[in-house]
Amino acid sequence: MLTKRIIPCIDVDLDEDGNPAVYTGVNFEDLQYTGDPVEMAKAYNAAGADEFVFLDITASADGRETMLDTVSAVADECFIPLTVGGGIRTKADIKETLRAGADKVSINTAALDRPALIGEGAAAFGSQCIVISVDARRRYDEAGEHYAEIDGESCWFECTVKGGREGTGVDVVSWAREAERRGAGELFVNSIDTDGTKDGYDIPLTKAVCDNVSTPVIASSGCGGPEDMYEVFTEANADAGLAASIFHFGEYSIEETKQYLDEHGVAVRL
Amino acid sequence: MSQSTAESASETADRASVVVVDYGLGNLRSVTRGLERAGAGVEITDDPDTFADADGIVLPGVGAFKEGMDNAGPYREPLAAAADRGQPIFGICLGMQMLLGSSEEAAHAGEGDVEGLNFVPGTNVRFGDDVKVPHMGWNELTVENDHPIAAGVDGEYAYFVHSYYAVPDDADAIVATSDYGDRFPAIVANESGTVFGTQFHPEKSGETGLRILRNFVDLCVND
Chain D
1 MLTKRIIPCI DVDLDEDGNP AVYTGVNFED LQYTGDPVEM AKAYNAAGAD
51 EFVFLDITAS ADGRETMLDT VSAVADECFI PLTVGGGIRT KADIKETLRA
101 GADKVSINTA ALDRPALIGE GAAAFGSQCI VISVDARRRY DEAGEHYAEI
151 DGESCWFECT VKGGREGTGV DVVSWAREAE RRGAGELFVN SIDTDGTKDG
201 YDIPLTKAVC DNVSTPVIAS SGCGGPEDMY EVFTEANADA GLAASIFHFG
251 EYSIEETKQY LDEHGVAVRL
Chain B
271 MSQSTAESAS ETADRASVVV VDYGLGNLRS VTRGLERAGA GVEITDDPDT
321 FADADGIVLP GVGAFKEGMD NAGPYREPLA AAADRGQPIF GICLGMQMLL
371 GSSEEAAHAG EGDVEGLNFV PGTNVRFGDD VKVPHMGWNE LTVENDHPIA
421 AGVDGEYAYF VHSYYAVPDD ADAIVATSDY GDRFPAIVAN ESGTVFGTQF
471 HPEKSGETGL RILRNFVDLC VND
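If you're matching them up, the sequences are chains D and B in order. When we follow my numbering, the leftmost residue of the first sequence carries the number 1, and every step to the right adds one. When we follow my numbering, the leftmost residue of the second sequence carries the number 271, and every step to the right adds one.
Fair warning: there could be bad hints in the mix.
As the list claims (entries may be wrong) - Think about it this way: if two alpha-carbon atoms lie no more than 25 Å apart in a straight line, the pair counts; the simulated SDA-like pairs of lysine to any residue are: (1) B:LYS336 with D:GLU120; (2) B:LYS402 with D:GLU231; (3) D:LYS162 with D:PRO115; (4) D:LYS91 with B:TYR293; (5) D:LYS95 with B:ALA377.
Claimed, not checked - Using C-beta positions, here's what the derived DEER-type ranges look like: (6) D:ILE150 with B:GLY398: 33 to 43 Å; (7) D:GLY119 with B:PRO344: 25 to 35 Å; (8) B:GLY343 with D:GLY163: 43 to 53 Å.
Because the hints were derived from the structure by calculation, they are not lab data. Here the structure is a predicted model, which is why all the values come from computation and not from measurement. The beta-carbon is built from N, C-alpha and C at its ideal position, and this holds for glycine as well.
Let's have the full structure, built from the sequences with the hints guiding it.
This is the structure:
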């Protein structure tokens, strides 16, 4: 049967010398240098990761060329699916990222700005490579369209941009359905509220999205260990669980995470 | 420690020459690297004249059946000639579906009947409404009929992304299956065994995928 996927994610920026390097946030504080992207990809490939996500966080035009070279270097070492996100705004950006060796591209702000980009990308390259990413934030007011109850309070989830600093007024569940209708092949759901907490994924958010779409969902933000993966797979019905720091800092290995899930009855690739 | 495997492999001559048919679809980089890792010398080509001298031919593919067949149209005769010569032909994902006679996908898209390559008589059908479509992720392989391409992969996992799957007319054409709602063919082969394909992406299936690519290179050498 189809297994749940365990996906390590790296955030890649340019270091002082202009070389790509992986950085990981530590408890909302400064980003900490974590390693070389290609070496990390090789290690996770060997460790049994089911996929690999590479996020370009440079947000600078001149870094883009360097990043694409790094994507190619990672792709050459990664015999598992590779998703690349960050700074992808046009059909041409999608094309050059896929050509560099990505199997899928993750698009966030550009799709909210111009939803037609989803359909254009899907028509040209296939739905399977168009991943729509959302940065959700809980809002406890009357402006939403789909409500969940969290600790006795009713809230909805808003799509944000600029790392959660700016709201868009768009309801995440409505947007997920629209993205699916327009041809998204997968949804990548991040939570501003649980990001960096290691207290677990945002279960109400992930469940709300999974219950309303039939497209595969990657849960992200807040994973503190294998039991959080278990929770998001069994309670929210996510298809994949993404994590960064727990793997990067060696708190848990991919293997022991999968072992735990297997022992608790979740189908994984061992 | 001595040299890494990759370094020592690059010092030996390629075991087989393989052409990857570039008919305008898909990411050819990964399949090329995977085949190289498996010991093949790889040429990406859109020139059917190169087929005859190759030890094996790979038909990759991502996308829609009709678009694939439209683009692969010029290769129909050269591929048939290669199959007649007994050259190994390996279809991957859409490339495997194209080995069959037809696909519901074209009919669903209102494109009428689109003829496949018909090396493996049968058709491609869509998954039912009881499962999430596309079938995306890692699924377990069960070998049903022995074939050298599937050596050593029974019970291992492979990476799939697809909405349609092959249904050969002859059950003997099914080399391996996976379970997604129902059992569906994951590897198929023609009667002589020289034309075969995987619904999953071996180049994205980790060690299991590399094993299949090595099996393919072995087939090309022994042919």
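Evaluated hints:
1. For the given pair, LYS336 of chain B sits about 18 Å from GLU120 of chain D by alpha-carbon distance, which is consistent with the 25 Å threshold.
2. Of the pairs offered as hints, the one joining LYS402 of chain B and GLU231 of chain D holds, with about 20 Å between alpha carbons and a cut-off of 25 Å not exceeded.
3. Distance restraint check for LYS162 of chain D and PRO115 of chain D: the Cα-Cα separation of roughly 18 Å lies within the 25 Å cut-off, and the hinted pair is therefore satisfied.
4. As the CA atoms of LYS91 of chain D and TYR293 of chain B are separated by approximately 20 Å, the hinted pair is consistent with the 25 Å bound.
5. Restraint check: the Cα-Cα separation between LYS95 of chain D and ALA377 of chain B comes to about 28 Å, which exceeds 25 Å; the hinted pair is violated.
6. Evaluation of the 33 to 43 Å hint for ILE150 of chain D and GLY398 of chain B yields a pass: the beta carbon distance comes to about 35 Å.
7. For the pair GLY119 of chain D and PRO344 of chain B, the supplied restraint of 25 to 35 Å holds, since their beta-carbon distance comes to about 29 Å.
8. Range check, GLY343 of chain B to GLY163 of chain D: about 48 Å between beta-carbon atoms, so the 43 to 53 Å window is met.
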